[in-house]
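What follows is each chain in one-letter form.
Number of protein chains: 2
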Amino acid sequence: MGDRRFSLMVHGGAGTLDDAQQRAKGDAWRTAIGTVLAHGRRLLTDGASAVEVVESCVVLLEDDPLFNAGRGSVLNEVGAVEMDAAIMDGRNLAAGAVAGVHHLANPVVLASRLMRDDGPVMLAGEGAMRLAARCGLTQVGDDYFRLPERLAQLEQARAKQTTMLDHIAGAPAAETGKYGTVGAVARDLKGHLAAATSTGGMVNKRVGRVGDSPLIGAGVYADDETCAVSSTGHGEDFMRCVIAKTIADYVDMRGMDARQAVDAGIAYLVRRVQGLGGVIVIDRHGNCASGFTTRNMIHGWIEHGGDATVRL
Amino acid sequence: MGDRRFSLMVHGGAGTLDDAQQRAKGDAWRTAIGTVLAHGRRLLTDGASAVEVVESCVVLLEDDPLFNAGRGSVLNEVGAVEMDAAIMDGRNLAAGAVAGVHHLANPVVLASRLMRDDGPVMLAGEGAMRLAARCGLTQVGDDYFRLPERLAQLEQARAKQTTMLDHIAGAPAAETGKYGTVGAVARDLKGHLAAATSTGGMVNKRVGRVGDSPLIGAGVYADDETCAVSSTGHGEDFMRCVIAKTIADYVDMRGMDARQAVDAGIAYLVRRVQGLGGVIVIDRHGNCASGFTTRNMIHGWIEHGGDATVRL
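Residue numbers (the numbering used here), protein chains in the order written: chain A, 1 to 312; chain B, 1 to 312.
Hints listed in this document are in silico derivations from the structure and should not be mistaken for laboratory results. Keep in mind the model is a prediction, meaning the values are calculated, not measured. Some hints could be false.
[Stated by the list, open to error] Now the in silico label distances, taken between C-beta atoms and shown as ranges:
#	chain 1	residue 1	chain 2	residue 2	range
1	B	307	A	79	54 to 60 Å
2	B	119	A	26	29 to 35 Å
3	A	148	B	119	25 to 31 Å
[Unchecked claim] Residues from chain B that keep clear of chain A, each with C-beta distances beyond 12 Å, as calculated:
#	residue
4	4
5	28
6	34
7	63
8	76
9	92
10	142
11	149
12	160
13	254
14	311
Glycine included, each C-beta is placed from N, C-alpha and C at the ideal position.
With the hints as extra help, turn the sequences into a complete structure.
Right under this line is the structure:
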C-alpha cells in the first residue's frame with residue numbers, strides 16, 4: 001500500500017478574504033484548523049479508520065461557528081438554515097448523504113448513519129429528518145444557528161439581491177466574500193481512504209437548493225483505488241463538472257498522483273465552467289494536494305504523518 | 001464534427017422481465033418506444049436541438065402509464081408519488097435537476113426550466129414545488145398517478161417488506177421485476193449532445209429518498225466533447241460509481257467510443273459494487289451503445305439517422 005504513515009487534510013471554505021478579514025479572523029481560522037488537524041492526528045495515530053476520522057473532524061468544524069456548516073451555517077432566503085452533508089468510505093464505496101436538513105447540530109453524523117445502513121445513499125428534507133428522529137439525534141433550536149453575523153450577512157445579501165457574496169472575478173472583495181463549506185479527507189494507517197463534506201450552503205439561497213456538497217462525485221468522493229476528495233466553492237460549477245469523480249478518474253485512468261490530478265481537475269473546472277472554489281485531495285499513497293481558483297482557501301494538512309501546515 | 005446525421009436513444013427501465021410479462025406487455029412497450037423514437041426523429045430531422053428532443057421524448061415517456069416516471073410513477077412507503085428528474089445540455093454543461101417533486105405531470109419540464117435559469121442546478125422538495133408554481137406548471141391530482149397496478153405493487157412490496165422488486169441475482173423473476181426509469185440521449189444535426197432522465201423511484205421507497213436519476217454524473221450526463229448518458233437501475237449502485245461521468249471520462253481520458261466506454265463502465269459497475277441496471281450512450285460522433293447487468297432493458301435507438309431498433 002505504499003507509505004504506511006497516515007495523511008489528513010481539512011478545509012473550511014474557499015473565497016476571497018480581504019486584508020481586514022484576514023486580520024480580524026486569520027488567527028482564529030488558523031487555530032481552528034490546527035486544532036482539527038491535531039485531533040485527527042491523535043485518532044489516526046491510535047489506529048482509527050479514515051472514515052471515523054473524517055466524520056470526527058467534520059463534527060468539530062460543524063461545531064465551530066467560524067465555519068459555514070452546522071452551527072455556523074448561513075441563512076437561506078427565508079432566514080432558515082438548510083444544511084447538506086455527505087461522507088464516503090474508500091474501502092467499499094459506501095456513501096451517505098443528506099440534503100436540506102435543519103435543527104441538527106451535526107448533519108455529517110446523519111449522513112454517516114445512512115452510509116452504515118444498507119438502504120438509500122441519499123435522503124432529502126423531511127425524509128432525512130425522519131431518519132434523524134429514528135436515530136435519536138437531538139434536535140437543536142433556532143437559537144443554536146441564528147448567530148448575529150449570519151443575520152447580518154443575510155440582510156446584506158438581500159439588499160444586494162444576490163445569493164452569493166461578491167467574490168466574483170473582477171468584483172471587489174467583501175468582508176463576507178467566502179464560500180463556506182467544511183471538509184476532511186484522510187488516509188489511515190492501513191492505507192484506507194475516506195472523505196466528508198458539510199455545508200450550510202449559500203447566503204440567501206433558494207429554499208430547497210441542493211449544492212454539490214451532498215452529491216457523491218461532486219462535493220465528495222473516496223476510493224481506496226484512487227484518492228479521497230472534498231470540494232468547496234460555487235456548487236453549481238462543481239456539480240456540472242462532477243469534479244470529485246473527475247479528479248479520481250484522472251488518478252484511475254491517467255495514472256496521476258494527487259498533485260497532478262488536482263492540477264488537471266482545476267484546469268478542467270476553469271476551462272469548462274470557469275468554476276470558483278477549491279479541492280483537497282489525498283491519493284492512495286498518502287500524497288496531499290490542494291488547488292483553488294479563488295484567492296484563498298482555508299485549509300491545512302498533515303502529509304505522511306509529518307508536521308501540520310495551515311494555509312488561508 | 002464527424003457524422004452529420006442525428007442519433008437518438010431512449011429507455012424505459014431495466015430489470016428482469018419474465019415470459020408472462022413479456023407476453024402481456026411486450027408489444028405495448030415496443031410500440032411505446034417506437035412511437036417515442038418516431039417523434040424524436042421528426043423533431044431532429046426538422047433541426048430541433050438535442051436538448052429540446054430529449055426533453056420532448058421524456059415528456060412522452062412520463063405521460064405513458066406503462067413507465068415508472070410521471071403518470072406511471074410507483075408509490076413510496078406512504079403511498080405517495082415522489083419523482084426525480086434531470087436534464088443536461090452538452091453544449092455548455094448546463095444542467096437542471098429536481099428531486100422529490102409531486103403532483104406534476106412532467107418533472108423533466110421543471111428540471112429543464114431550472115437548466116435554463118442562471119441559478120441553482122438542483123432543487124428538492126418544496127423548494128422545487130415553489131419553482132413549479134412560479135413557472136405556472138399545472139398541478140395534477142392524486143388520481144392522475146394512483147393507478148391500480150401501482151397500488152397493487154405497493155401492497156406486494158409492503159407485504160415483502162422490501163423497497164425494490166425481486167430482480168436480485170438468484171431470486172426468481174417476478175412479474176413486477178423491473179427498475180423503472182425513463183431516459184433519452186440525443187445528438188442533433190449540429191453535433192450537439194443532450195441527456196434527460198426521469199423516474200418515480202422504487203416501489204415502497206423511503207420518503208425523501210433521492211436516487212441517481214436527478215444526480216448530474218450518476219443518472220445523467222451530457223458533454224459535446226465526450227458523450228451523452230442516461231442510466232436506469234438500482235440508484236444507489238449508480239451513485240456510488242458516479243457511472244455517467246465515469247463513462248464520459250472513459251471517452252475523454254482513454255479515447256474510447258460509445259461501445260468501448262459502455263463496456264468499460266458496465267465492467268466498473270460490476271467489479272466495484274455489483275451494480276444492477278443499465279445505460280444508454282451516444283458519443284460525440286453519434287455512435288450508439290447500450291449495456292445492462294439485468295436480464296432486460298427496455299430501450300431503442302436510431303443511429304446516424306438509420307432505421308429504428310427496439311429491444312426489451
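Hints, verified against the model:
A C-beta distance of roughly 58 Å is found between residue 307 (chain B) and residue 79 (chain A), which places it inside the suggested range of 54 to 60 Å. Residue 119 (chain B) and residue 26 (chain A) have their C-beta atoms about 32 Å apart, which keeps the hinted 29 to 35 Å range intact. Look at residue 148 (chain A) against residue 119 (chain B): about 28 Å separates their beta carbons, and that is inside 25 to 31 Å. Against the 12 Å criterion, residue 4 (chain B) stays outside the reach of chain A, whose nearest CB is about 25 Å from its own CB.
Taking the minimum C-beta to C-beta distance to chain A, about 31 Å, the non-interface status of residue 28 (chain B) holds against the 12 Å cut. Residue 34 (chain B), annotated as away from the interface, keeps every beta carbon of chain A farther than 12 Å; the closest lies near 33 Å. Chain A leaves residue 63 (chain B) outside its interface by the beta-carbon criterion, the shortest separation being 25 Å against a cut-off of 12 Å. The claim that residue 76 (chain B) is not at the interface with chain A is violated, since a C-beta of that chain comes within 12 Å of its own (minimum 9 Å).
Against the 12 Å criterion, residue 92 (chain B) falls within the reach of chain A, whose nearest CB is about 8 Å from its own CB. With a least beta-carbon separation of about 18 Å from chain A, residue 142 (chain B) lies farther than 12 Å from that chain, consistent with its non-interface assignment. The Cβ of residue 149 (chain B) lies farther than 12 Å from every Cβ of chain A, with a closest approach of about 24 Å, so its non-interface assignment holds. Under the 12 Å C-beta cut-off, the non-interface status given to residue 160 (chain B) relative to chain A holds; the minimum distance is some 15 Å.
Residue 254 (chain B), annotated as away from the interface, has a beta carbon of chain A within 12 Å; the closest lies near 6 Å. Every beta carbon of chain A lies more than 12 Å from that of residue 311 (chain B), the smallest distance being close to 29 Å; the non-interface claim holds.
In this structure, the hints that do not hold are numbers 8, 9 and 13, in rising order.
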